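Colleague: Sequential numbering of the sequence shown, starting at 1, is according to the numbering used here.
Keep in mind that the hints were calculated from the coordinates and are not lab data.
The structure presented is a predicted model; accordingly, all values stated were derived computationally and were not measured.
Any given hint could turn out to be false.
[Unchecked claim] Think about it this way: if two alpha-carbon atoms lie no more than 30 angstroms apart in a straight line, the pair counts; the simulated DSS-like pairs of lysine-lysine are:
1) LYS325 - LYS311
2) LYS461 - LYS555
3) LYS292 - LYS250
4) LYS432 - LYS311
5) LYS577 - LYS432
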Amino acid sequence: MMKDPVCGMSAEKEIAYEYKDQKFCFCSELCRDEFKKFPEQYLNQRDIFIPLGEKQERKIAYFSMEVGIESHIPTYSGGLGVLAGDTIRSCADLKVPMVVVTLLYEKGYFYQKLDTLGNQKEMPVQWYPEDFITPLTNRVSVRIENRTVFIRALQYEVIGITGHRVPVIFLDTNLEENSEYDRGLNDYLYGGDLKYRFAQEIILGIGGLRMLHDLGHSKIRKYHMNEGHASLLTLELLRMRRTEDETIWKFDEVRNLCVFTTHTPVPAGHDQFSYDLVKGVLGDYMPFDIMKMLGGEERLNLTLLALNLSKYINGVAKKHGEVSKSMFPGYSIDSITNGVHSNTWTCDSFKELYSKYISGWRNDSFSLRYALSIPKIEIWQAHMKAKKILIDYINKEANAGFHYDVFTIGFARRATLYKRADMIFSDVNRLKTISQEVGNIQFVFAGKAHPQDLPGKELIKRIFSSIRQLKGQVKIIYLENYDIDMGKMLTSGVDLWLNTPQRPNEASGTSGMKAAHNGVPSFSVLDGWWVEGHIEGRTGWSLGKQASDINDDVKTEIEGMYEKLETVIVPMFYNDKDKWIDIMKHSIAINASFFNTHRMVLQYVLNSYFC
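Full structure from sequences and hints, please.
Modeller: Now the structure itself:
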């Protein structure tokens, strides 16, 4: 049992202070503040602190091409990386013995600038990794185009509310002993050509596995691939288990070690490479007849490689699991619906409210169901505090003239065609009429288009065109450089979260889950997670017909969207606040209590990690 160095009573891990590479724990903030004044007099009490970087046996290795830990560590582009960050936080809170492997991107994804017409310009992110992440002395190497490429490791530790630590290992090739080309192999996330991408995936999968062994992580019992980017690690595991005099490849042994989560029903999301490219970059690393057997005859499909060498495979929502089975017939594909880290995505005003009424909610997300007992007036007051922060930010950054009391709709996610961000502007005259005759509406948009996604860039420009068309009649803003911090403001500060993907292309989606943690209901197409979270008029509203693989007629879908806004949603917001707040409470109690990464991680632990 840890003791408070000031008073000698039992200490809480959550109330801590780091001093001279030691972590001291206290019974109260009073004692912590006293320690800060006179720390030296307590340093001789060696039994009351936890050494930083305490060695713990790691049994789960989690590989992800991108990880979103903090906005100032720009090693993520969107949902996949943010989900990885939330997963890591929940593993730290729940004491799951995990180590994480990812790449360090020296220039980030990109910094987005938008001109007055909505043209997107991408710029390198200016940041200094060693200001935030600790370099390690370990070095490993891989062969790329017959060159030896050296890799170093940097480590960041995510500390849970229990004090448990999850190390995140960042891989970096920016070393003097590498060529200029190789030093830039992890400059950009999802940058460069196919050869550049494949080289990155060699570094992640093969180099990452070698780095884990070099760091002494020798007791790994499961390797979890978060998407197919890391699936080359399966080939490295095969090689490690085969001696020169053996003729048998230990496929089942490797399969029992691997867990694979597929995230996208969109074909472009599954990396594939010609065998000419593979041979040129990877050389004779693995017999090609083995690679073709596992990864596809015509091209090396990294998703197929992961499917063939993983014992447990899952999609990220129930509907997505069904879609994945149809995409990859013959494979046993389960589903574990995504979630978000409750303590990260709940805004300050709601954190205070939950702490007042729901003891222990930060590490027991299920207890958020008790939000039904919170007085409605306090729910609304907490929401308005968050809304004021967002509106003040919008007005300061863009001089947009947004109002606190006007119904505010939010839409923020990757700018790509199937997300249909401009669907709400299909009939600007209808939208204008609703805003002028039923109740004022204002919109806030955000999202980046991939640098090579030209249709996605055109989508942003179409939204800017609608902004110009509706100027002076409906206030609309498109915020540039969408990141984690902006996401927190948007999902807590708007009144309604809009989601309009073309079915069945939304694997899961998590922004609506973040909104639910802040009492913000969703108005969404019945795809992804919303098929599970939607209760009409209770947690929000459906856009279009009930879930089906067959899309609604687009004209009918658009008409239904405007009809529901005009006759149900906007009138309720302005004329029946009591009913509106009731929906806010049910969004928290039903959706936030379930769609969180604590529940998700527990399912991975029970279904795949330790079974």
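Colleague: State for each hint whether it applies.
Modeller: Structure-based check of each hint:
{"no.": "1", "hint": "LYS325 - LYS311", "in the structure": "holds (15 angstroms)"}
{"no.": "2", "hint": "LYS461 - LYS555", "in the structure": "holds (22 angstroms)"}
{"no.": "3", "hint": "LYS292 - LYS250", "in the structure": "holds (16 angstroms)"}
{"no.": "4", "hint": "LYS432 - LYS311", "in the structure": "violated (53 angstroms)"}
{"no.": "5", "hint": "LYS577 - LYS432", "in the structure": "holds (23 angstroms)"}
Hint compliance for this structure: hint 4 is the single one not met.
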